[in-house]
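*Asks:* Listed here are the chains, written in short residue letters.
There are 2 protein chains.
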Amino acid sequence: MTPVITAFERSPDGGRGLARDMRVRWALEEAGRPYDVRLVSFEAMKEPAHRALHPFGQIPTYQEGDLALFESGAIVFHIAQRHAGLLPGDANARARAITWMFAALNTVEPPIVEREQAPYAEGDKPWHQERLPILEGRIRVRLGELSDRLGDADWLDGAFSAGDLLMVMVLRRLEGMGILEEYPNLSAYVARGETRPAYKRAYDAQAAVFTAASTG
Amino acid sequence: MTPVITAFERSPDGGRGLARDMRVRWALEEAGRPYDVRLVSFEAMKEPAHRALHPFGQIPTYQEGDLALFESGAIVFHIAQRHAGLLPGDANARARAITWMFAALNTVEPPIVEREQAPYAEGDKPWHQERLPILEGRIRVRLGELSDRLGDADWLDGAFSAGDLLMVMVLRRLEGMGILEEYPNLSAYVARGETRPAYKRAYDAQAAVFTAASTG
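Keeping their order, the protein sequence lines are chains A and B.
Start counting the first sequence at 12; every next residue gets the next number (the numbering used here).
Start counting the second sequence at 12; every next residue gets the next number (the numbering used here).
There could be a bad hint or two in this list.
[Stated by the list, open to error] Facing chain B, from chain A, some residues (calculated, C-beta under 8 Å):
1) GLN74
2) LEU78
3) LEU80
4) GLY84
5) ASN103
6) PHE113
7) ASN117
8) TRP138
9) ILE145
10) ARG153
11) ASN196
[Unchecked claim] To spell it out: a stretch of chain A is covered by chain B in this simulated footprint if at least three of its residues, at any positions, have a beta carbon under 8 Å from a beta carbon of chain B; those stretches are:
12) 121 to 132
13) 156 to 168
14) 178 to 186
Think of the hints as simulated: they come from the structure by calculation, not from any bench.
None of the values given here were measured: they were computed from a predicted structure.
Every residue gets a Cβ at the ideal spot worked out from N, C-alpha and C, and that includes glycine.
Looking at chain A on its own, in the form it has when it is part of the complex (with noise of 0.2 Å):
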């Protein structure tokens, strides 16, 4: 049974694989899964239809039979469940990498959503370019600290696990803002996830979509 995902019809960042789509794409090649992706429009988002599936009104979701999942996490949890490739098999490490995955969504990723959102949500305000270094400095302390503990390691726990594709991804939507740079070891990690040939497959898919929407 092939899943089905969805993702953006029209990508927010112009296919340069931002969108939450792109971690279970990623997930899906590093487990030799295919897939299909129907393509959503930001207002078919929020009615009813998609809404039965995921319930804010997002991308992405999964659908396998008569599975239906949404939230990137949980559903990179689900393909690294039932899939090799994705997480330890020796239970202590598997608790370690689901740790990072949690880690990665709960912790390091929304500082930087709140960084990334603030032109659109209050870019007009008197105070935007005063909150910056405020944002930012929330960052820094998250870097700082995961840094330290990556070291000079390749991976968070050993071999690559979910909970590094999770990580590198949530790194990546710091594309831009020039504070990744300050963290040299973090830089290094985020290109190495980028040089894996599943993630190569996954971001050139997710890129065709708006190639094709752009000369369409």
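For chain A, the structure is supplied; the task is to place chain B on it using the hints.
*Replies:* Frame of chain A; chain B shown alone:
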């Protein structure tokens, strides 16, 4: 082997059960597992010995023999995987319950934390009052969507699960803001969680730390 968790030596919430150790205590109580608690001061949390357990210098941590975990979501998941009472046995229902765990932590909690932290982060700034309605508007979007999905059900997807445990705890962070009360089914949902015997045992255990500290 009795696991050891960490909690605040002096809880910033004065024992109202809002610190993240409460999630882990509740999960352990639902699973019927005994546990030990090691209290840490704010200073000790930021020192190398604690950061070896928790790279981001926070609580809770979880130690069980050779295994050391951090991130409340990951710890709750670890407990739920190994003991009955927090995740359904059916594979699809289990995947959906895990989806709600991620939704609680990655979609519903971040705007609530932003609102909660605003007075500390920028309460002295001239824009603070003007930003509050923006922050609260973001929370209301998520609560409206969650309220629509919950409807008149007792729990988010069938029987009580670790997804409900985390969602109830995330919604409890709204205490005193007067926002949750606009969604009667969500208020009732939180109250339903709070009446579970396991919740009460966990709540009393964390409150006892504060009572001991304030009279000790």
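*Asks:* With reference to the structure, classify each hint as holding or not holding.
*Replies:* Checked hints:
This hint is violated: GLN74 (chain A) has a C-beta 11 Å from the nearest C-beta of chain B, more than the 8 Å allowed. Contact between LEU78 (chain A) and chain B, as hinted, is supported at the beta carbon level, the nearest pair being about 5 Å apart and thus within 8 Å. Among the interface hints, the one on LEU80 (chain A) holds; its C-beta lies about 5 Å from the nearest C-beta in chain B, closer than the 8 Å criterion. Interface restraint check for GLY84 (chain A): the shortest CB-CB distance to chain B comes to about 4 Å, inside 8 Å, so the restraint holds.
For ASN103 (chain A), the interface hint holds, since its Cβ comes within 8 Å of a Cβ in chain B; the closest pair sits about 5 Å apart. The interface hint given for PHE113 (chain A) is met, as the beta carbon of that residue sits about 4 Å from the closest beta carbon of chain B, less than 8 Å. The closest approach between the C-beta of ASN117 (chain A) and any C-beta of chain B is roughly 4 Å, which is under the 8 Å cut-off, so the hint is satisfied. For TRP138 (chain A), the interface hint holds, the least distance from its beta-carbon to any beta-carbon of chain B being 4 Å, beneath 8 Å.
The restraint placing ILE145 (chain A) at the interface with chain B holds, with a minimum CB-CB distance near 7 Å, inside the 8 Å limit. Interface restraint check for ARG153 (chain A): the shortest CB-CB distance to chain B comes to about 7 Å, inside 8 Å, so the restraint holds. About 13 Å separates the beta-carbon of ASN196 (chain A) from the nearest beta-carbon of chain B, more than 8 Å, and the hint is not met. Check result for the segment 121 to 132 of chain A against chain B: holds, 4 residues qualifying (beta carbon to beta carbon below 8 Å, three or more required).
Interface restraint, the segment 156 to 168 of chain A with chain B: holds (4 residues with C-beta to C-beta distance below 8 Å; minimum three). Coverage of the segment 178 to 186 of chain A by chain B is violated. Counting CB-CB distances below 8 Å, 0 residues qualify, and the rule asks for three or more.
Hint violations for this structure: numbers 1, 11, 14, all remaining hints satisfied.
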